[in-house]
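Novice: The residues making up each chain are set out below.
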Amino acid sequence: MPFDVKAMGDETAQREPVEKVIELRLPSRLGYERVAMDTASALARRMGFHTDRVESLKTAIGEAVTNAIEHGNQHDAATKVVVMLTAREAELIVQVADQGRKPLDQECTTRQPQIAERLERDDKGGWGIWLIRELMDEVEFSTAPSGGNQVRMVIHLER
Amino acid sequence: MSTSASAQMSIELSLPSELGYEVIARDAIAAFARRLGLAPERIEDLKTALCEACINAIEHGNLLKPELRVQVHCRVEAERLVIEVLDQGVSPFAPRGEPLSIIEKVSGLGSLRGMGLLLISQLCDEAGFVSRSGAGNCFRLAFQRQAIGGAHC
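Protein chains in written order, with numbering that gives the first Met the number 0: chain A, 0 to 158; chain B, 0 to 152.
No lab work stands behind these hints, which were simulated from the structure alone.
Certain hints may be false.
Computed beta-carbon distance windows for the label pairs [stated by the list, open to error]:
hint, chain 1, residue 1, chain 2, residue 2, range
1, B, E103, A, I92, 15 to 25 Å
2, A, W126, B, I102, 15 to 25 Å
3, B, A77, A, S141, 32 to 42 Å
4, B, E103, A, H155, 28 to 38 Å
5, A, E54, B, V22, 31 to 41 Å
6, B, P91, A, E18, 21 to 31 Å
7, B, E125, A, P102, 22 to 32 Å
8, B, E40, A, E18, 34 to 44 Å
Think of the CB as a built atom: it goes at the ideal place given N, C-alpha and C, for glycine as much as any other residue.
Start from the sequences and build out the full structure, keeping to the hints where you can.
Specialist: Below, the structure written as structure tokens:
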């Protein structure tokens with residue numbers, strides 16, 4: 000990724016990394032996570048990520064968008080999921096935001112899932128956040144001022 | 000499909016105005032088209048046409064200024080998939096008379112460049128610039144959906 004050289008002050012010039020931002024707005028409907036996965040995959044390949052890291056990224060973003068559709072937006076077709084992809088020289092930042100029809104229980108974002116407990120659930124689900132944490136290098140959950148749930152994930156580019 | 004249902008099934012993508020990013024738009028919208036059940040060969044047409052439209056927006060509409068943006072809006076209508084590529088219109092599109100055909104260009108009667116719009120018109124069911132309220136060009140591509148089987152929005 001190229002650098003922009005910006006003049007800072009009189010004679011000094013500081014090299015600042017260029018950020019390239021891609022924004023994607025999706026309907027809150029299951030299946031549309033594939034659009035986010037393929038968009039992120041195209042960007043990650045362009046940045047030079049290895050295939051296995053691209054697959055990890057796709058899984059993580061798929062889980063995050065699915066959570067946003069199912070839980071945050073409660074499948075409400077009038078709501079959108081916003082995905083922001085920020086490409087930096089050595090990392091890709093993925094932010095997924097919903098409109099907060101249901102706030103995320105913050106305890107869910109840190110608790111280690113128990114296999115026996117999860118298998119008792121009808122859908123055998125509840126692994127998404129754990130998976131995201133396993134696959135990405137940095138993960139942070141927060142609430143937007145508007146009340147929406149947000150997750151910020153970072154994957155580092157190892158050359 | 001009602002207008003509100005169509006609006007709900009729309010997707011919007013915003014990209015840096017830099018050559019190479021058309022590939023991101025291509026892969027994003029191809030995933031959307033696959034989900035709609037568009038036939039694989041039509042998706043290949045869509046990918047080529049959309050890349051050409053994005054390159055035009057980056058190169059001509061935005062004059063390769065990397066601080067500008069290209070927007071891709073995609074909506075589902077009852078019979079069509081409609082994609083609009085919007086630039087910030089540093090250079091508004093101005094038609095320059097009747098263009099040479101691809102055959103004429105390949106025969107050496109003109110530059111081999113400038114075939115994007117011709118190519119797009121061959122690949123889409125509808126293509127062309129449409130007027131928009133704000134500044135900038137809006138190029139619309141549409142694909143018929145009648146051959147879609149088992150599609151879900």
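Novice: Give a verdict on every hint.
Specialist: Okay, the hints, checked on the actual structure:
| no. | hint | in the structure |
| --- | --- | --- |
| 1 | B:E103 / A:I92: 15 to 25 Å | violated (48 Å) |
| 2 | A:W126 / B:I102: 15 to 25 Å | violated (57 Å) |
| 3 | B:A77 / A:S141: 32 to 42 Å | holds (40 Å) |
| 4 | B:E103 / A:H155: 28 to 38 Å | violated (51 Å) |
| 5 | A:E54 / B:V22: 31 to 41 Å | violated (19 Å) |
| 6 | B:P91 / A:E18: 21 to 31 Å | holds (29 Å) |
| 7 | B:E125 / A:P102: 22 to 32 Å | violated (44 Å) |
| 8 | B:E40 / A:E18: 34 to 44 Å | holds (37 Å) |
In the structure shown, a violation is registered for the earlier hints numbered 1, 2, 4, 5 and 7, in ascending order.
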